[in-house]
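Q: Residue-level listing of the chains:
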Amino acid sequence: GAGVSQSPRYKVAKRGQDVALRCDPISGHVSLFWYQQALGQGPEFLTYFQNEAQLDKSGLPSDRFFAERPEGSVSTLKIQRTQQEDSAVYLCASSDLGLGFQPQHFGDGTRLSIL
Amino acid sequence: DQQVKQNSPSLSVQEGRISILNCDYTNSMFDYFLWYKKYPAEGPTFLISISSIKDKNEDGRFTVFLNKSAKHLSLHIVPSQPGDSAVYFCAVRHFQGAQKLVFGQGTRLTINP
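Heads up: the protein sequence lines correspond to chains A and B, in order. Using the working numbering, the first residue of the first sequence is number -15, and each one after it goes up by one. Using the working numbering, the first residue of the second sequence is number 15, and each one after it goes up by one.
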C-alpha cells in the first residue's frame, strides 16, 4: 500500500521567504509527527498530531514554525521568515493508534535549503 | 543533553559476518526502543523494536538486545549482506504518554564483499 508521501522533495528559498511543506500520511493513521534532521544528525521531534488535535508542539524551535492538520489527514508545516539555520530535511511520520506499540512510518522528507 | 548516543559514527563488516550496532541512553523512563535503517535520500525505515520489559527480540537476521542495568541497546545482524549497508538509528520512546521518538546520531554500516 501507499506509504507516507511528502512534497515537495526539494525546496530552495531565499532568506526571509515563507515556505509550506506538505505531508500525506498513510491512510487511516491517526497519529502524525514532524521531525527535523540536520546533516549528520538523527531526526529531532518538532510536533505531534492525533487526528486534527496538535497534542505536542514542544519541539518547534520558534514561533516562526507552525503546523496544522485541519481535517485529521493531510498536514502542512509552515515556516515563516526563513533563516539559514532552517536548512534541513523535514521528515513526516505517521502511525496507527491500535492496541500495543505501533511504530512510526516515515516519508522520504523534504530537503529545505535557505540561501 | 543527549539522551540517546550512538558512539560509533561508522562500522565496516565483511559480508557474511555479524554486524553489531550499539546505543546508550541516559533515562530510565523509556518504554520502547527501536532501530531504524536509512538509505540516502530516503526516509528512515522501521526495522525492529523491543519493549522495556524484555531483554531480547528477534526477527529473521535481526536481533535487538536490551540491557536495562547498563542502559544499553544493541542490534545484531547475522549474516550481514551488502544490502544492509545504510545508516542505522536507534530511537527511544518515553513511557508517559508522549508519542515522540528521541533518536541517536546514527551509525553508518558498510558491508564489504
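FYI, nobody ran anything at the bench for these hints, they're computed from the structure. Treat each hint with caution, since some may be false.
What the hints assert, rightly or not - Below are the DSBU-like pairs computed for lysine-lysine, each with C-alpha atoms no more than 30 Å apart in a straight line:
#1 A:41 <-> B:70
#2 B:70 <-> B:82
#3 A:62 <-> A:41
#4 B:19 <-> B:68
#5 B:82 <-> B:19
#6 A:41 <-> B:85
Q: Now tell me if each hint is right for this structure.
A: Quick rundown of the hints versus the structure:
1. A:41 <-> B:70: violated, 33 Å
2. B:70 <-> B:82: Roughly 11 Å separates the two Cα atoms, so the pair holds.
3. A:62 <-> A:41: holds, 13 Å
4. B:19 <-> B:68: holds, 21 Å
5. B:82 <-> B:19: holds, 15 Å
6. A:41 <-> B:85: holds, 28 Å
Hint violations for this structure: number 1 only, all remaining hints satisfied.
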